[in-house]
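Could you put together the complete structure from these sequences and hints?
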Amino acid sequence: MSDSRPWFREPETFIALAALVVSLSAVAVGIYEASLQRTHDRAEVWPHVELATYTTPKSATLTLENTGIGPAVVGSIVVSVDGTARRNWPDALEALFGALPKTYSVTTMGDRAMRPGEKTVIVEVPADQLPPGFWQYIGRVGVSICYASVFGEHWTMSVPKLGGKPTWTPNSGCPPQRDSTDF
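Take the working numbering: the final residue in the sequence shown is number 209, and no numbers are missing along the way.
Keep in mind that the hints were calculated from the coordinates and are not lab data. Being a predicted model, the structure only gives us computed values, none of them experimental. Heads up, the beta-carbon is just placed ideally off N, CA and C, and yes, glycines get one too. Hints are supplied without guarantee of correctness; some may be wrong.
For each label pair, taking beta carbons as the anchor points, the in silico distance ranges come out as [said to hold, decoys possible]:
no., residue 1, residue 2, range
1, Pro116, Ala139, 42 to 50 Å
2, Gln155, Thr110, 19 to 27 Å
3, Asn197, Val47, 18 to 26 Å
4, Thr193, Ile57, 33 to 41 Å
5, Tyr130, Val71, 29 to 37 Å
6, Val53, Trp194, 51 to 59 Å
7, Pro202, Ile57, 31 to 39 Å
Here it is as structure tokens:
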């Protein structure tokens with residue numbers, strides 16, 4: 027370095043500053059790219075659960091399906107009849123129909139993972155066990171299902187009255203399935 031020029035006018039100083047600017051820019055671009063990649067990864071495994079009620083000449087079914095593109099980890103399920111939470115499907119069916127049907131089938135979904143595209147019949151009642159006016163009965167049932175993605179993002183899918191419009195709400199976590207319930 028020449029004694030006649032100050033340090034900030036030396037060519038080495040300009041080269042060092044240019045290298046510093048390029049390095050800091052590379053770090054900023056890397057951080058931004060990592061953020062974009064995380065957003066993309068979350069979108070690649072986004073679950074979306076839906077409830078559907080079907081009636082056929084043979085039976086009435088309530089199905090749960092993961093229509094998203096990633097696995098859904100079902101955390102907790104709450105089923106209510108006339109606004110009162112029930113313990114399990116037999117309890118809900120008895121409250122709904124006044125008596126438990128002679129034959130029915132149920133599947134427990136709480137604390138279970140569903141693959142993308144998986145569809146599970148969670149309740150099925152044969153047609154000869156259904157009371158007249160089935161759709162009036164089924165409108166008394168409400169279902170709320172809390173589920174998560176593999177990245178720990180949580181949603182609650184709620185249907186206040188089966189056959190009605192569902193809502194999906196993001197939340198911070200699923201409450202644990204109550205010990206006295208089995209859905």
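field: Unsatisfied constraints (hint numbers, rising)
entry: 1, 3, 6
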